[in-house]
Amino acid sequence: MVDNRPWLTWLTHGVLILGVIILAFPIYVAFVASTHELDVLLRSPMPLVPGGSLVKNYTHALTQGAKAVGAPVWMMMANSLIMAVGIAVGKIAISLLAAFAIVYFQFRFRMVFFWMIFITLMLPVEVRILPTYKVVADLGMLDTYPGLIIPLIASATATFMFRQVFLAVPDELAEAARIDGAGPMRFFWDILVPLSRTNIAALFVILFIYGWVQYLWPLLITTDESMYTILIGINRMLAVGDAQAEWQIIMATTMLAMVPPVAIVVVMQRLFVKGLVETEK
Amino acid sequence: MEKRVVFRHPVLPFLLVAPQIAITLIFFMWPASQALYQSVLREDAFGLNTEFVWLENFGDLFRDPQYLNSLHVTAVFSISVAVSALAVALYLAVQADRVIHGATAYKTLLIWPYAVAPAVAGVLWLFLFNPNLGIIVYALNTLGYRWNHALDGEQAMALVIISAAWKQISYNFLFFLAGMQAIPKSLIEAAAIDGAGPARRFWTIVFPLLTPTTFFLIVINVVYAFFDTFGIIHQVTEGGPAGATNILVYKVYHDGFLGLDLGGSAAQSVVLMTIVIALTVVQFRYIERKVHY
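Protein chains in written order, with our numbering: chain A, 12 to 292; chain B, 23 to 315.
Just so you know, the hints here were simulated from the structure itself, not pulled from any lab data. Do not rely on the hints blindly, as some may be mistaken.
[To be verified] With the Cβ distance kept under 10 Å, some of the chain B side facing chain A (calculated, not the full set):
id : residue
1  : Tyr113
2  : Pro135
3  : Val159
4  : Gln177
5  : Met179
6  : Ser185
7  : Trp225
8  : Phe229
9  : Thr236
10 : Phe237
11 : Ile240
12 : Val244
13 : Val274
14 : Leu301
Virtual Cβ for every residue (Gly too), placed ideally from N, Cα, C.
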């Protein structure tokens, strides 16, 4: 603050605290709901302080899940984790390779490949739902991990980001490597990848969240309950209707669905912000 | 920009781009071309005969009152989400930029909703506004206001807008705050010495200098409202009641995947593709200019 206005300082803190409270309120209510028995929640108004069934509800959700879905939540969390890590690692791996080829090699159709990768930006899964589903079905990839992961791992943003990173690497390094007799792959592994370490970490944070929050794609291609991701599981638990919904279990599952990505944002805040800003360049 | 030092190899570069290109071809280009192709075909009810119908599917689409309704709903929804998420985020960012003590703590406490999935944001607000047990509905009832978003289209729209905007605030907040922190302090100080108060300083210096960030965020927010809110609509309203929240992305899913109308759904896909391409072009043209900022 450039000038001293005590009342404004108080107002500023007041507004920020109010903002934090409003943003956190839905989560707080969900947490409270996940610590009560169902009959307590159904008595309107529901309490606004946590109850005593926290351990019971979460254990029940993790080991058995809701009646409506025949898979426990730990299994859905494992599916979500496999999908999120698979997408993040897959996107990073194929984008590193593609960016390396585009920056460090002269070859035919280089620009054609570059534009093909660019065009994927314009084709989110939402605009080609049916034909993509058909391709995956024809390949026998419905209800499989590769089916959940592979169609989502083409990435123009990651390729562009690594391209920028590689372009900033001094030419002398490539020259020195060549004089020392290192081939292109040796140069890639021993110099480029270590130099891009923080970018890779930042991107991993963003892409893990991207993978974890995927909803439409798993909704389309998973029909087997043991392949549900946690977000699809929540949807199926809600689908039984208000009269049957086990809200205490649904809210516990919702809390569990938020823990991994939110923890990553809070714990790795610096990498997260770096990744967010870089991928939007 | 090109490298002076390049490697030469007859096959290696092709092997390196192969995974990315293969996935692009199989899961992006081919399905997109199929959507284009099917959008000019019509299949009879038994799937026996397929007929080439030029642009008739598109004509039907833009004469269909349900599709026109969906266009209207999408416009209302995305403008409301973008405006409310941007306004709240800007206001919070202005406050956070002023704070000297505890700035990092506020930042941490305000950015985490970014990591909440849209589908989960929908469930959280659905629970608060559940007509039978929602705590906010209880509060509204005691104030004499009836809430049932399963019956009232406007309330349903309000609920999905709140859920979608709530999740997007933290993203906008981060970019606004970064934009403000990039403004040289000397400009603000000079204005303060000349006697400009905080409001005057904001509207004459900070806000104009934030224009590039604002434009960028408008595009990002519109893209978010168009495409990433599918989970919210699917969890909270399923497009209802009576199509009141049936945004384009939900409609293409519903008609194609549940209604199995191939030609119509493909035509809708093509319209959506055109929208994405337009938005991407705007975004990239704008980013060229950001460099001069």
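(message) Does Phe237(B) hold up as a contact with chain A if the rule is Cβ-Cβ below 10 Å?
(response) violated, 13 Å
(message) Quick check on Met179(B) please, does its C-beta sit within 10 Å of some C-beta on chain A?
(response) violated, 18 Å
(request) Mind checking the CB of Tyr113(B) against every CB in chain A and telling me if the closest is under 10 Å? (result) Holds: closest Cβ of chain A sits about 7 Å from Tyr113(B), inside 10 Å.
(message) Quick check on the hint: Ile240(B) CB to chain A CB, less than 10 Å?
(response) violated, 13 Å
(request) Mind checking the CB of Trp225(B) against every CB in chain A and telling me if the closest is under 10 Å? (result) violated, 16 Å
(message) Restraint: Val274(B) near chain A, CB-CB cut 10 Å. Satisfied or not?
(response) Where the cut-off is 10 Å and the nearest Cβ of chain A is about 6 Å from Val274(B), the hint holds.
(message) Val159(B) was flagged as interface toward chain A. Is the shortest Cβ-Cβ separation under 10 Å?
(response) Because about 8 Å separates Val159(B) from the closest Cβ in chain A, which is inside the 10 Å limit, the hint holds.
(message) Restraint: Pro135(B) near chain A, CB-CB cut 10 Å. Satisfied or not?
(response) Because about 6 Å separates Pro135(B) from the closest Cβ in chain A, which is inside the 10 Å limit, the hint holds.
(request) Answer holds if the nearest beta-carbon of chain A is closer than 10 Å to that of Ser185(B); otherwise answer violated. (result) holds, 9 Å
(request) Have a go at the Leu301(B) hint: is there a Cβ in chain A nearer than 10 Å to its own Cβ? (result) Leu301(B) check passes; min Cβ-Cβ to chain A is 9 Å, inside 10 Å.
(request) Let me know if the C-beta of Phe229(B) comes in closer than 10 Å to any C-beta of chain A, holds or violated. (result) violated, 17 Å
(request) For the hint on Thr236(B), just tell me whether its beta-carbon gets within less than 10 Å of chain A. (result) Check failed: Cβ of Thr236(B) comes no nearer than 14 Å to chain A, outside 10 Å.
Of the numbered hints stated above, those contradicted by the structure are hints 4, 5, 7, 8, 9, 10, 11, 12, listed in ascending order.
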